[in-house]
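2 protein chains.
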Amino acid sequence: MSQVRPMRADARRNYERLLKAAAVAFAEHGENASLDDIAKRAGVGSGTLYRHFPTRQALLEAAYVDRIEAIAARADELAKELPPGEALVEWLNELCAGTIQVRGMKALLGSAVTDGSSLAVTACGTSMKEAAGRLVEAAQREGTLREDLEPIEVLRLAHGVATASELADGRGEHIRRYLSLLTDGLRP
Amino acid sequence: MSQVRPMRADARRNYERLLKAAAVAFAEHGENASLDDIAKRAGVGSGTLYRHFPTRQALLEAAYVDRIEAIAARADELAKELPPGEALVEWLNELCAGTIQVRGMKALLGSAVTDGSSLAVTACGTSMKEAAGRLVEAAQREGTLREDLEPIEVLRLAHGVATASELADGRGEHIRRYLSLLTDGLRP
DNA sequence: GCACTAAACGGAGACAGTCCCCGGTTATCT
DNA sequence: AGATAACCGGGGACTGTCTCCGTTTAGTGC
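Line by line, the protein sequences are chains U and P.
Letter by letter, the first sequence follows residues 1089 to 1276 in the working numbering.
Letter by letter, the second sequence follows residues 1089 to 1276 in the working numbering.
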């Protein structure tokens, strides 16, 4: 990248602290947690926060990249353990659970699959789409998934399922049911 | 109700003005439109706004009750024109379109189907659920809808579909497709 | 018409959040 | 050690929320 010179030691330290504080705050108060408060928790001035992360989105993303990468990586594990169709469903289930449980991750995952969003092209957005792509394609080859589905559409629908489950109880206990309603359809 | 004495003329006038201003502002800027700005547009002090509508929710609801009642009423029209299964799908389609197009109505419709929400028990929440109930039951009797579906679940899933469509393009052009994916399922 | 009163008004102000700016500090290189 | 580029951090302008309370006004009885 353009990172010619490595980050200065203090900069790197503050960066890390902010990330930790942000993860906690976003998980606690959702995506609208106070940024100045995050800076305070990290023991850092708010200027420092805004320099490292120009927007709320940027911080949100940075705070949860690894968690999202983990979900993406989980796709391949599941692909080894289960037949394609089941692997996809199981993965979507875990994805939805993550979406709901970690309060501020929903906005992030949402904008990752939003058409025209700046986040759509960043690292974690693409690895989610690639992970979904592999599972979707495998399931389609196997014949357990409609041919006309794009991976990103599956992700969007999963986001919809997460939303619906959240409305139901806020804890994600309905995910499995709503996901199976989606896969099987609403007809008898 | 407890409305022993009719509202004073000036109160009623301001109430109406606020409602109009709110509808415009919420449609323009979404559910987070500035309340003080709404008061200003209505030519009214902010105290007046907060007296009439203690919470943002209350104003949001008041601003869109009639529109929501209209959607609920539309259910019965469709029930006359179409066979039950199609009527339900068509209604959900219109519902999703409304959810997306009028920015600010999404939050309202969402909390109407949220478990434990205060809005769940108010007038427009119940009439939505009743309208959905009639269509759902008819479709189930007809045999084109799974027996184990609760009306409120259908509303929640529709909300999910609206969310997914919004992610896709923000204009609702994908509603029909995502709705049919839901009804038919993701399998071939 | 007029005076009275309860209801309603409205805007000042306390508070919280966002974000930028810039004087001061510090890590790193020579 | 000294130079310098990078970085720090908090003060402050701005916007939005929501309450409090002195002032105004609609409605009522005479």
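A portion of the hints provided could be inaccurate.
[To be verified] Each computed BS3-like pair below joins lysine-lysine, with the alpha-carbon atoms no more than 30 Å apart:
hint: 1; chain 1: P; residue 1: 1217; chain 2: P; residue 2: 1108
hint: 2; chain 1: U; residue 1: 1217; chain 2: U; residue 2: 1128
hint: 3; chain 1: P; residue 1: 1217; chain 2: U; residue 2: 1217
hint: 4; chain 1: U; residue 1: 1194; chain 2: P; residue 2: 1217
hint: 5; chain 1: P; residue 1: 1194; chain 2: P; residue 2: 1217
hint: 6; chain 1: U; residue 1: 1128; chain 2: U; residue 2: 1168
hint: 7; chain 1: P; residue 1: 1168; chain 2: P; residue 2: 1194
hint: 8; chain 1: U; residue 1: 1194; chain 2: P; residue 2: 1194
hint: 9; chain 1: U; residue 1: 1194; chain 2: U; residue 2: 1217
Keep in mind the hints are simulated off the structure, nothing from the lab.
Hint check results:
1. P:1217 <-> P:1108: Cα-Cα ~26 Å, so holds.
2. U:1217 <-> U:1128: With a Cα-Cα distance of about 35 Å, the restraint between residue 1217 (chain U) and residue 1128 (chain U) is violated, given a limit of 30 Å.
3. P:1217 <-> U:1217: 36 Å, violated
4. U:1194 <-> P:1217: Given that 30 Å is the threshold and the Cα spacing comes to 27 Å, the pair holds.
5. P:1194 <-> P:1217: Status holds; Cα separation ~16 Å.
6. U:1128 <-> U:1168: Violated. Residue 1128 (chain U) to residue 1168 (chain U) sits at ~44 Å, over the 30 Å cutoff.
7. P:1168 <-> P:1194: Holds, at about 27 Å.
8. U:1194 <-> P:1194: Satisfied, since the Cα-Cα distance of roughly 16 Å is no more than 30 Å.
9. U:1194 <-> U:1217: 16 Å, holds
In summary, the structure is inconsistent with hints 2, 3 and 6 from the numbered list given earlier, while agreeing with the others.
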